[in-house]
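Hey, can you work out the whole structure from these sequences and the hints?
First residue of the sequence shown: 0, per numbering that gives the first Met the number 0; consecutive thereafter.
Incorrect hints may have been included.
[To be verified] Restraint ranges, calculated between C-beta atoms of paired labels, are given here:
| # | residue 1 | residue 2 | range |
| --- | --- | --- | --- |
| 1 | W199 | E337 | 48 to 58 Å |
| 2 | W363 | W57 | 25 to 35 Å |
| 3 | R186 | R271 | 30 to 40 Å |
Since the hints were made in silico from the structure, they are not lab data. We put the beta carbon where it would ideally sit given N, CA and C, even for glycine.
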Amino acid sequence: MPHLPDLPIPEDGKLAGNIVHFARALRKSGLPIGPGAVIDAIRAVEAVGFTEREDFYWTLHACFVRRPEHRLVFAQVFRLYWRDPRYIEHMMAMMLPAVRGMQEDRRAAPAEKRAAESLLDGARPEIPDEGPKAPEEERIEIDAARTASEHERLRALDFEQMSTDEMAQARRMLARLTLPVRPRSSRRTRAEARGALPDWRGTLRAAIRQGGDLDDFARKARRTRWPNLVVLCDISGSMSAYSRAVLHFLHAVSNQKGAGWAQVHAFTFGTRLTNITRQLRARDVDAALAAAGAEAKDWEGGTRIGSSLRAFNRDWSRRVMRDAVVLLITDGLDRDPEGVLEPEIERLHLSSRRLIWLNPLLRWEGFAPRAAGIRAMLPHVDSFRAGHNIAALEALAQAISDPGDSGDKARLMRRMGEG
Numbered sequence: 000m001p002h003l004p005d006l007p008i009p010e011d012g013k014l015a016g017n018i019v020h021f022a023r024a025l026r027k028s029g030l031p032i033g034p035g036a037v038i039d040a041i042r043a044v045e046a047v048g049f050t051e052r053e054d055f056y057w058t059l060h061a062c063f064v065r066r067p068e069h070r071l072v073f074a075q076v077f078r079l080y081w082r083d084p085r086y087i088e089h090m091m092a093m094m095l096p097a098v099r100g101m102q103e104d105r106r107a108a109p110a111e112k113r114a115a116e117s118l119l120d121g122a123r124p125e126i127p128d129e130g131p132k133a134p135e136e137e138r139i140e141i142d143a144a145r146t147a148s149e150h151e152r153l154r155a156l157d158f159e160q161m162s163t164d165e166m167a168q169a170r171r172m173l174a175r176l177t178l179p180v181r182p183r184s185s186r187r188t189r190a191e192a193r194g195a196l197p198d199w200r201g202t203l204r205a206a207i208r209q210g211g212d213l214d215d216f217a218r219k220a221r222r223t224r225w226p227n228l229v230v231l232c233d234i235s236g237s238m239s240a241y242s243r244a245v246l247h248f249l250h251a252v253s254n255q256k257g258a259g260w261a262q263v264h265a266f267t268f269g270t271r272l273t274n275i276t277r278q279l280r281a282r283d284v285d286a287a288l289a290a291a292g293a294e295a296k297d298w299e300g301g302t303r304i305g306s307s308l309r310a311f312n313r314d315w316s317r318r319v320m321r322d323a324v325v326l327l328i329t330d331g332l333d334r335d336p337e338g339v340l341e342p343e344i345e346r347l348h349l350s351s352r353r354l355i356w357l358n359p360l361l362r363w364e365g366f367a368p369r370a371a372g373i374r375a376m377l378p379h380v381d382s383f384r385a386g387h388n389i390a391a392l393e394a395l396a397q398a399i400s401d402p403g404d405s406g407d408k409a410r411l412m413r414r415m416g417e418g
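Here it is in structure tokens:
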């Protein structure tokens, strides 16, 4: 429950109008709020009153929040609109990037930037002129460097720190990413006139059909086998911003033709495992993610990695792990009892062609494997990589193509030994 100080409720008779404006800000921040919900909120506030300081917050929360992932946005918009008397100054400072060498005091909290944008409604603080300039000959120029620099900035920006507009641009960039894979030579063969291997059985069968005459040698070639891609994505509270971006990327991979994957299977887990493979096959990304969200009931809940991997190994491993490359997206902060996670991650590793772990905590330079879940999982993965921005997901394609890529695993294993 968020900490709520004493809430000054205005007595000028404009509370209903303020609630309407607050609902508009929530709608611009991404919450699906219609006129009926606004009317219900006004009536609920009239009925409940304010006998306690949390009443107002939770009354509006009950009327406007319909999904777990909307809680954080609601909390930030509420804090900026109702609780902070200097919220306009705070938002202006937050929305204005580094200007003339001066940096912001702090980075925006998760969902805070989107909340600020919705309340400011696109307004930006004006930067004063530096004085009159000498007249110059009028010229028409096209500045492509700014577009390129903005593209690079967005590639390196943390998903959790993106505004609504930046996240929309990031989704368009993620939709264009590819994740190609190389085929693997199988032990099985097929008949081929110019194959590299002699087909003795085929040669003898042809000779028998011709009364024992041996006219030519039959030849064969090895079959190529395409692996499956299996994605296990953590959707707990600490991973919500990253998991949504990864699922957008995964939707593009699932619907991409010619990437080489035999099949793409997607699972989410928080407190339980959910198969969302069928939902992600929808061509429209918004419809696909809405269906996936409706299927997974544990968005922004707790994290039980060991129990979820046990359910996967028991119920799904034999169905989907056909020479599969496994992407495990989680921060490794497990809440299962000790001893549950390690045997399950070891079994998953033995069943997979490659096990690649994407962890957004690697964005911190001082990251160290101190959590028990991370220490249990790290020895049993083939590659340990960051997964907090577009650049990290772009580098994933190279990691999959290179069987010797281990990411940061070797460095962190040394730190584990030193610890």
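Hints, verified against the model:
no.	hint	in the structure
1	W199 / E337: 48 to 58 Å	holds, 57 Å
2	W363 / W57: 25 to 35 Å	holds, 34 Å
3	R186 / R271: 30 to 40 Å	holds, 38 Å
The structure is consistent with each of the numbered hints, conforming to all of them.
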